[in-house]
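Peer 1: Given these sequences and hints, build the entire structure.
Next come the chains, spelled out residue by residue.
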Amino acid sequence: MSQTHLLNITNISKSFQGLKAISKVSLHIDPGEILGLIGPNGAGKTTLFNLVTGFLKPESGEIRFDGNMIMGLKSHQICKLGITRTFQIVKPFAHLSTLENVAVGSFNTTRNIKEVEEKSWNILGFVGLEPKALDPAHSLTLPGRKRLELARALATEPKLLLLDEVMAGLNPTEQHEITELVFKIRESGTTIFIIEHHMRVIMGLSDRIVVIQHGEVIADNSPKAVAEDPGVIEAYLGKGAVIA
Amino acid sequence: MNENKHAAGYLARGLGTKKWFVIILALALLHVLPWTIPSHIIHMMIMIFIFTIMGQGWNVLGGYVGQFSFGHALFFGIGAYTSTLLFLHLGLSPWFGIIIACMASIAVGLFVGLLSFRYGLSGPFFALIMLAFAEIFHITFITWKAVGGSLGLLIQSSGNAPLLMQFTDKIPFYYISLWFMAAALYVVWRFEKSRTGLYFMAVREDKDAAEALGINTFKSQMIAMAISAGMTAIGGTIYAQYLLYIDPDITFGAINSVEIMIRPIIGGPGTVLGPLLGSVVLTPLSEFTREVFQAYSGVYLMIYGIVLVAVIMFLPEGIIGFANRMFEKFRTR
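As given, the protein sequences belong to chains R and L, one line each in that order. So the first sequence is numbered by the working numbering: it starts at 18 and just counts up by one. So the second sequence is numbered by the working numbering: it starts at 58 and just counts up by one.
Misleading hints may appear alongside valid ones.
Claimed, not checked - Just a sample of chain R residues kept apart from chain L, beta carbon distances all over 10 Å, derived:
#1 32
#2 47
#3 108
#4 169
#5 172
#6 205
#7 231
#8 234
As the list claims (entries may be wrong) - Now the stretches of chain L that chain R is said to cover, found in silico as 3 or more residues with beta-carbon under 8 Å:
#9 138-146
#10 254-265
Don't read these hints as lab results, they were simulated from the structure. Given the structure is predicted, the values throughout are model-derived calculations rather than measurements. Note that CB positions come from ideal geometry on N, CA and C, so glycine has one too.
Peer 2: Below, the structure is given as structure tokens:
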């Protein structure tokens, strides 16, 4: 495969006690792209994220990032290479302040505490959490925590950002705000791989969408083509829906 | 949005003149204090200081990195035995012994850490591993005649010998333990808002999120283990020199692990002053009850139990958490 892809996943598989969670999945992400990942519940979306970020080890296949094999590396090593993820179930460092949460991410690129603080304030401003900077993270509301996940991940200065349902549980206004943020992040040069359940959101956001079901890729195309794909409609609505 | 009003100050550690003044005043008072109080109060102060040093050691691992150890007597014992054996057999001054004791303790700590953290052990499993290692040493030292067996070791008094960390008076020990305690508090205060400290707390709060943000959680836990083991061993050496007698029960015994961990838990785990506060509250309590109920040697442990239950029920963040909340209330009013 060519070296121009930022992330290249080839034929990876993972099963849990015999149950195939991910089966021979291949996909790639180009620099500067926003790639959407959708699929019904239990399709293996988060498992795929876990495989890419080293939280799980694939049984076969290979994952290359920037041309380097990243399979078998530890999560923190993968982060150092430039892939950072957020978690579907937010994981704030509850007893640290919002600023300190972001600072933990900022230390990924520099050890200078002054730089870290300045960068963390800037990122908090960027995601709109500045007024909450000195409050403990457990005092944030869910939308606030989602923003914090995003801010912390951005602070590590990733080349590739994996967003796992950053909009779940948010109302349409908040979703719109986060969407704008995601576009801005892309503009700043970060490639984005995003899992999302809200169809309207992901259709508007992604340059390209990969659909997985039962751990297999069933479509990989532009949002418009994916929305019209009979296989995808069947996966979501069941057989017969295509005709109706 | 990068106004310069945020330029600095929330992360790095710096003290205002007001706080410096308070600290210097408190230290000065503590230096004058021993000349004005009776000997048994000096003894109590020394115990407060020594247990604050060891409590701080426990706190680095249990409070900051979130790995609760139920066997810190292990490091206490290694600290006490290493310096004592080196002195008895090689005539090495405990001032050097304390350094070697530190290193020995760190080595054992890293070994236990390697076994535990490599495989992601935490919570009750880690607590039990620590207890198991403390007991292994406990039983080994009871049966091993060459290191005194169950009778323990007596350090012959050499009179007033500052170079051998031996004094006929309590006051020098008061100063030694005070200085070591001040150093321990300073070290922890200093790293609390540094990269290392924030990494420790991030690991405690959520290991997966910490890994995802580029933190080598294994390394963070090993560093915490090393600091913790070393600090606790220092307390062990001073304790041995102060009492001039050690045996396996008073060093490696499980009760000692409780003594070390209960102070930071009650004072406020994961805070700089927690171990000190806990020690200030508990040490007099245990000394007092031990004197009053001399015939019933376990009574102070029952009192510990009651205090612990009360603190966990009513002040889950420890005394210092409670104090902070009161302070916040007062300020926002």
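Peer 1: Has the stretch 254-265 of chain L got at least three residues whose CB is nearer than 8 Å to a CB belonging to chain R?
Peer 2: holds (count 7)
Peer 1: Do three or more residues of the stretch 138-146 of chain L come closer than 8 Å to chain R, measuring C-beta to C-beta?
Peer 2: violated (count 0)
Peer 1: Would you assess whether residue 234 of chain R, listed as outside the interface, keeps its beta-carbon beyond 10 Å of every beta-carbon in chain L?
Peer 2: At roughly 24 Å from the nearest Cβ of chain L, residue 234 of chain R sits farther out than 10 Å, so the non-interface label holds.
Peer 1: Just want to verify: residue 205 of chain R was marked as not at the interface with chain L; is every Cβ pair farther apart than 10 Å?
Peer 2: holds (15 Å)
Peer 1: Is the Cβ of residue 47 of chain R farther than 10 Å from every Cβ of chain L?
Peer 2: At roughly 23 Å from the nearest Cβ of chain L, residue 47 of chain R sits farther out than 10 Å, so the non-interface label holds.
Peer 1: Report holds if the minimum CB distance from residue 32 of chain R to chain L is greater than 10 Å, and violated otherwise.
Peer 2: Label holds. Min Cβ-Cβ 21 Å, cutoff 10 Å.
Peer 1: Should the label of residue 169 of chain R as a non-interface residue stand, given a Cβ cut-off of 10 Å to chain L?
Peer 2: violated (6 Å)
Peer 1: Is residue 172 of chain R truly not at the interface, in the sense that its beta carbon sits beyond 10 Å from all beta carbons of chain L?
Peer 2: violated (8 Å)
Peer 1: Taking the minimum C-beta separation from residue 108 of chain R to chain L, is that value above 10 Å?
Peer 2: For residue 108 of chain R, whose nearest Cβ neighbour in chain L is about 4 Å away, the distance does not exceed 10 Å, so it is violated.
Peer 1: Take a quick look at residue 231 of chain R and tell me if its Cβ sits farther than 10 Å from every Cβ on chain L, holds or violated.
Peer 2: Given that every Cβ of chain L is farther than 10 Å from that of residue 231 of chain R, nearest at about 26 Å, it holds.
In this structure, the hints that do not hold are numbers 3, 4, 5, 9, in rising order.
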